[in-house]
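Participant: Position chain X relative to chain C; hints supplied.
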Amino acid sequence: MERKAYIVTEQSRRNFLKQLAATSAISAATTMLPNVTFAGVEKLSGNDKLTWKKSPCRFCGVGCGLLIGLQNGKAVAVKGDPDCPVNKGLCCVKGYHSVMALYGKDRLRKPLLKRNGKWVEVTMTEALDVVANKMKETIDKHGKDAVAMYGSGQWTIPDGYAATKFMKAGIGTNNIEANARLCMASAVTGFMTSFGLDEPMGCYEDIDHADVFVLWGNNMAEMHPVLFSRLLDQRLKRKSIIIDLCTRTTRTSLSADKSILFTPQGDLALANAICYELINNGWVNRRFVEQHCVFKRGKTNIGYGLEDKFQFADEPTDSDFTDFKNFLTDYSPAKASALCGVSIKDIKYLAQLYADPNKKVMSLWCMGTNQHTRGTWINNQIYNIHLLTGKISTPGNSPFSLTGQPSACGTVREVGTLTHLLPHGTVTNEKDRKFAAEIWNVPVEKIPAKPTFHTVEMFRALDRGEIKFMWIQVTNPMVSMPNLKRYRNGALKEDRFIVVSDVYPTPTTDVADVILPSAMWIEREGMFGNSERRTQHFEKMLEPQGECMSDTWQIIEVAKRMGYGSLFPWTKGNHIEEIWKEYTRFHDGPDHAMASYEELKKKSGILWPYVNGKETKWRYHAKYDPAAKGDSFDFYGKPGGKAWIWARPFEPAPEVPDNDYPYWLCTGRVVEHWHTGSMTRRIPVLHQAVPHAYVELNVQDAANMNIRTGDKVKLISRRGELVLPASVNERGQPPRGQVFVPFFDEGFLINELTIDAFCPISREPEYKKCAVKVMKA
Amino acid sequence: MPIKSYLIFPKEGETVGVIERLSRFDHCEILPADNREVVVLVTDSDFEKDDEQFLETLKSDTAIQHISLISAFRT
Numbered sequence: 003m004e005r006k007a008y009i010v011t012e013q014s015r016r017n018f019l020k021q022l023a024a025t026s027a028i029s030a031a032t033t034m035l036p037n038v039t040f041a042g043v044e045k046l047s048g049n050d051k052l053t054w055k056k057s058p059c060r061f062c063g064v065g066c067g068l069l070i071g072l073q074n075g076k077a078v079a080v081k082g083d084p085d086c087p088v089n090k091g092l093c094c095v096k097g098y099h100s101v102m103a104l105y106g107k108d109r110l111r112k113p114l115l116k117r118n119g120k121w122v123e124v125t126m127t128e129a130l131d132v133v134a135n136k137m138k139e140t141i142d143k144h145g146k147d148a149v150a151m152y153g154s155g156q157w158t159i160p161d162g163y164a165a166t167k168f169m170k171a172g173i174g175t176n177n178i179e180a181n182a183r184l185c186m187a188s189a190v191t192g193f194m195t196s197f198g199l200d201e202p203m204g205c206y207e208d209i210d211h212a213d214v215f216v217l218w219g220n221n222m223a224e225m226h227p228v229l230f231s232r233l234l235d236q237r238l239k240r241k242s243i244i245i246d247l248c249t250r251t252t253r254t255s256l257s258a259d260k261s262i263l264f265t266p267q268g269d270l271a272l273a274n275a276i277c278y279e280l281i282n283n284g285w286v287n288r289r290f291v292e293q294h295c296v297f298k299r300g301k302t303n304i305g306y307g308l309e310d311k312f313q314f315a316d317e318p319t320d321s322d323f324t325d326f327k328n329f330l331t332d333y334s335p336a337k338a339s340a341l342c343g344v345s346i347k348d349i350k351y352l353a354q355l356y357a358d359p360n361k362k363v364m365s366l367w368c369m370g371t372n373q374h375t376r377g378t379w380i381n382n383q384i385y386n387i388h389l390l391t392g393k394i395s396t397p398g399n400s401p402f403s404l405t406g407q408p409s410a411c412g413t414v415r416e417v418g419t420l421t422h423l424l425p426h427g428t429v430t431n432e433k434d435r436k437f438a439a440e441i442w443n444v445p446v447e448k449i450p451a452k453p454t455f456h457t458v459e460m461f462r463a464l465d466r467g468e469i470k471f472m473w474i475q476v477t478n479p480m481v482s483m484p485n486l487k488r489y490r491n492g493a494l495k496e497d498r499f500i501v502v503s504d505v506y507p508t509p510t511t512d513v514a515d516v517i518l519p520s521a522m523w524i525e526r527e528g529m530f531g532n533s534e535r536r537t538q539h540f541e542k543m544l545e546p547q548g549e550c551m552s553d554t555w556q557i558i559e560v561a562k563r564m565g566y567g568s569l570f571p572w573t574k575g576n577h578i579e580e581i582w583k584e585y586t587r588f589h590d591g592p593d594h595a596m597a598s599y600e601e602l603k604k605k606s607g608i609l610w611p612y613v614n615g616k617e618t619k620w621r622y623h624a625k626y627d628p629a630a631k632g633d634s635f636d637f638y639g640k641p642g643g644k645a646w647i648w649a650r651p652f653e654p655a656p657e658v659p660d661n662d663y664p665y666w667l668c669t670g671r672v673v674e675h676w677h678t679g680s681m682t683r684r685i686p687v688l689h690q691a692v693p694h695a696y697v698e699l700n701v702q703d704a705a706n707m708n709i710r711t712g713d714k715v716k717l718i719s720r721r722g723e724l725v726l727p728a729s730v731n732e733r734g735q736p737p738r739g740q741v742f743v744p745f746f747d748e749g750f751l752i753n754e755l756t757i758d759a760f761c762p763i764s765r766e767p768e769y770k771k772c773a774v775k776v777m778k779a
Numbered sequence: 060m061p062i063k064s065y066l067i068f069p070k071e072g073e074t075v076g077v078i079e080r081l082s083r084f085d086h087c088e089i090l091p092a093d094n095r096e097v098v099v100l101v102t103d104s105d106f107e108k109d110d111e112q113f114l115e116t117l118k119s120d121t122a123i124q125h126i127s128l129i130s131a132f133r134t
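Chains as they are written, first to last, in my numbering: chain C, 3 to 779; chain X, 60 to 134.
For reference, chain C alone in the conformation it holds in the complex (with noise of 0.2 Å):
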């Protein structure tokens, strides 16, 4: 299917030219001055006439309050809503852009089925019949567990609740995953084990408070500007320092107070040599120690998951401060600086700032940290830092896990679109399969007790041929798996049965064998959750295109012809409203208790746990959180309140460069594009500001191959090639011996390159770290 990346409106062009004009110099503006708002943008180019509705952005998960401007049934401007305290009134250039993604030139606007190998335009009902029919079909020739459904933290809170319901209350399979498992799986895992309950302690108001911001791996400055920009504020307010740790210099490196480059992995050894700092200089608060925290050792040389149907489960044992210590003697300033690259006075200077009892001190990471074959220990590993200097659960001392999606938090994590999850809990759990089972009214043996494939596992299930049928909603799996090429092979398989829903042609649409049109965000009503605990209601504010449909009311369409149509007994009119309170039920505790839907529709946000009308800003504190026992700290999550430090070695990535394969490859985003691209691509300034992927090089290693910016150049894996343009000393700039790709770009694909390993306890794919060779084409 060919595809273009630009935009059509119907408005009067000039005026559209004027708004786009007005909006890139706003754009501007906000990245030059943190916090400037122009609240005044409605009286431009005649928008006097616009109503304004508020939204959260569509994009990632810092989840900016927007005001969308409708004019004559379209969505024609956008300004930063200034009642939202997530970002008070700014933008980033994705957000201002934001409804242009929804009138791209090749959006799709009818279902599409694929006949004798080409593509025919049906009705949505003859569509959702083909999907139903297929799915029946599958279930009864192979079991219930040949289907499967992928889905997203960019699915709105309905999408997902309706999901799990219709797979694992109406099918009667675990076959669920999400996208989420790709960025956010080892964030879970790491809180999971250091604290009994996802999801952070803190919130963004813990950046209005905090002395120091530690970003372990994470380029804030392109991946949540917003944020960063309310971190630069503070520099300049309250002269907080801003510390990078990275494996490459970025546009974070250039802003922060100081930037600390480490190896690719050394993150692992980094984190504990902090921690044999705090503790041999009698940095550790022992009294918050003593009482709420214990010790915990888990297994060692745990693997990769590189082979098919890999099995791993940690057996955590007892341990104290004493063999805690003694753990760490590998692991001294000298013995770490050698694993991580960091000088050994960083190290210290490092542990310093932690230690330092006048300073607030707040850690921030995302994909660094969580795509990583030990993503799980690592976050154990940075809150084992906050857990020995007592920094944490109070404001401004915040171990906060950032995410990327608009609902990675609000949907995948808190609904439990996974294939272990329910909306509480676990299915491995009886308790929590019985009082799911009661929500929903059906036998609780309806509802499996076991997992079966998380997300790489389930691809390669397509692959192996025990999925036989996929229905793959809101994401671009063709251009995100990694070591694609085996994923995708797997897909095209003569039996395989593809259903995408999605806005847009996308690899992943090439693929299908059912194209659903899906309406997008605000064409339909909807929830996010964002990084802080913070759900977000928008109102349907524009009629669907075509036959788009919300991919929640297609799940519901597709589940009553299968005959499941009790589990929703709701109306297109009331669904969203019914589908919260019915969801609400899960959550119904101090602990995770959720705002009603009238509060939501009115506020921008709300935090959870919400008890009494009071969002709870800080977790696992008596004086802030209401499900807290005693007067200070409670980590209620685990046994006794009481926290668990992890013993987490350092381990080598599954592949590291060596003679054949002599570079580490790296990927990530930029900030003009939000993820795959696939929206992004399709506005016009966003595209042009950064239209194709390239090659990020080291300025040395780049002379001695004489590559200059602009030369193809071939990266080469165990698993696949790619030549693409160089680019040299612009803007980012690795280290000697790594390259950087950005992912966004379909026509380089530099996923077939990447490798399928991941962490065996989240599963969550390795993304940062593999061996390429380098060549100029």
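In case anyone wonders, no lab produced these hints; they're calculated from the structure.
There is no bait here: all hints are sound.
Ranges between beta-carbon positions, derived for each pair:
1. 82/X x 712/C: 37 to 47 Å
2. 93/X x 542/C: 23 to 33 Å
3. 125/X x 624/C: 44 to 54 Å
4. 131/X x 545/C: 28 to 38 Å
5. 590/C x 131/X: 51 to 61 Å
6. 83/X x 738/C: 53 to 63 Å
7. 73/C x 131/X: 19 to 29 Å
Short, incomplete list of chain X residues facing chain C, as computed with Cβ under 8 Å:
8. 63
9. 94
10. 134
Only a predicted model underlies this, so the values are computations on that prediction, with no experimental measurement involved.
Yeah, the Cβ is synthetic: ideal placement off N, Cα and C, and Gly gets one too.
Facilitator: For chain X alone, coordinates are given in the frame of chain C:
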């Protein structure tokens, strides 16, 4: 018929005066920031010549410290 947008940075304390002078021009829309001394200016000129003249006028305003051209469309 060019459409352009600029960021105008007036000298300290001169924002109100700059806005007042800009608002006298036709084919020009201004959007002052609420909380900083910066103004977004969008121009919509009928002819290239008008656009050039307007830019010269801007440059000659001594109360403006800095002008950044952000985007330009030739329609």
